[in-house]
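Those sequence lines, one after another, are chains Y and A. Our numbering numbers the first residue of the first sequence as 1 and each following residue consecutively. Our numbering numbers the first residue of the second sequence as 1 and each following residue consecutively.
The hints are simulated quantities; they were obtained by calculation from the structure and are not laboratory data. Be aware that a few hints might be false.
Stated by the list, open to error - Simulated pairs of lysine to any residue, SDA-like, Cα-Cα distance not exceeding 25 Å: (1) A/91 / Y/74; (2) A/91 / A/55; (3) Y/188 / A/24; (4) A/91 / Y/25.
Claimed, not checked - To spell it out: a stretch of chain Y is covered by chain A in this simulated footprint if at least three of its residues, at any positions, have a beta carbon under 8 Å from a beta carbon of chain A; those stretches are: (5) 30-38; (6) 48-56; (7) 62-74; (8) 85-95.
Positions of the beta carbon are idealized from the N, C-alpha and C atoms, including for glycine.
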Amino acid sequence: MARAGRLFRHGGGTVGSDVDDAYLVRRAQEGYVDAYADLVDRHGGLAYRVALRLLGNHHDAEDVAQEALVTAWQQLPGFRGNSSFPTWLYQIVTRRALNRITRTRVTESLDLLGDVSDAGAGPGQHAERDLTVDAVTAAVSALPPPQRIAIVLHHFEGLSNAEIALITGSSIPAVRSHLFRGRRTLSKTLAEWR
Amino acid sequence: MSSPGQPIDDVNLLLSDANQHLACGADIDELLEQAADGYAGQFTSHQRDCVYCQAALREFGRVWEPVRSLAAERVAVPAALKGAVASQIRKLVADVWYTLQLNDGGAIRIAARVVARIAREAARDVPGVRVAFGRSSHSRMASLVERAALGHRHPNAAVGVLGRTAVVDLAIVAQYGDELDAVAREVQRRAVAELRRKVGLRDVTVNVTVDDVIT
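Working from the sequences, and respecting the hints, build out all of it.
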């Protein structure tokens, strides 16, 4: 029966869901483009999510996620598998997002509220919820980049300090210190808003 | 530092830069970390008896509630993202083309990736095959394709005319315990048949690599 079930798995399940990331990475490195498409299926969401939290708006997040996923493909031949594929992807997305933040720092916060409302529920609905989302998003986006990255990776992605240190090429004490400062700043902003 | 007996009603005051400890000596950053991580209600033995700590944790927990609820929300990934990435990668990987007809009306060509896709789909239908990936190449062009796929910086020169001959590499993961030889031969047979039927390729070679098994 189990085998019969497999024969009908084409209905919509992710192709290649039986195998681990390392297998897909190896096949993709050999030039099986489909294997990379499966990796994008699995982890494309991560790229977009992190970019959205770091940049605060849908448009930039989509751009950065796309850039990061294409960059990952281009750099795949050099990926030795020392870390997991998601960790490596976090690294690429974070770097890309950081580039964009530093390039557009002057204007970045101007249109945040509008942009984020678009990405939420329908217009006019859940007005209070949107206000909260906007306030948190704006507060996160106002953090200096190192604190923002640490806060997003820890509090939004649930990563440990050690994982964040690996991703950012930093030390665990430095990550901890960015988190401490980021939490203070964010708390003060949110307390004022409330 | 907060004074004894005074309720903590101002997070900003509490978190002013000079403030590192509560009146009881507890580290403010560690309390904030505890609340932000969602453990404001889980007291240590000291916190169970400490009004300062409890008040601070309550305040921090309240301030962080919106952050925690936003973080818990599922983010909808734009539907177009995957397609956009795929199309950019296709541009990076130079494609090999199979020309099926060349006549006065023009040429009919089929991308190698389409050939690979058909072989892959055929392989996935074979009992015992858990995962299959297809890659199309041609003995004469194989090294070019290989380089295009690995180096991702191939000029348009890799767009080749390969006629009606195709070489397809299939990498499959099989069910442990199945006769691998029989599974692989069935994959070969079906892929060849499908490529002949759907694409009209005459000379088809299908290389099957069983490179893993799953229980």
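Taking 25 Å as the top limit, are the C-alpha atoms of residue 188 of chain Y and residue 24 of chain A close enough?
Satisfied, since the Cα-Cα distance of roughly 22 Å is no more than 25 Å.
Assess, step by step, whether the Cα of residue 91 of chain A is no farther than 25 Å from the Cα of residue 55 of chain A, and give holds or violated.
Distance ~59 Å between residue 91 of chain A and residue 55 of chain A Cα, so the pair is violated.
Within the region 30-38 of chain Y, is the number of residues with a Cβ closer than 8 Å to a Cβ of chain A three or more?
This one holds; 8 residues, not fewer than the three required, reach chain A with a Cβ under 8 Å.
Is the listed coverage of the region 85-95 of chain Y by chain A valid when you require three or more residues with a beta carbon under 8 Å from a beta carbon of that chain?
violated (count 0)
Does the alpha-carbon distance linking residue 91 of chain A and residue 74 of chain Y stay inside the 25 Å limit?
holds (12 Å)
25 Å limit on alpha-carbon distance, applied to hinted pair residue 91 of chain A and residue 25 of chain Y
holds (20 Å)
So is the region 48-56 of chain Y in contact with chain A by the C-beta rule, three or more residues under 8 Å, or is the coverage claim wrong?
holds (count 3)
Are there three or more residues in the region 62-74 of chain Y whose C-beta lies within less than 8 Å of some C-beta in chain A?
holds (count 7)
Checked against the numbered hints given earlier, this structure breaks hints 2 and 8; the rest are met.
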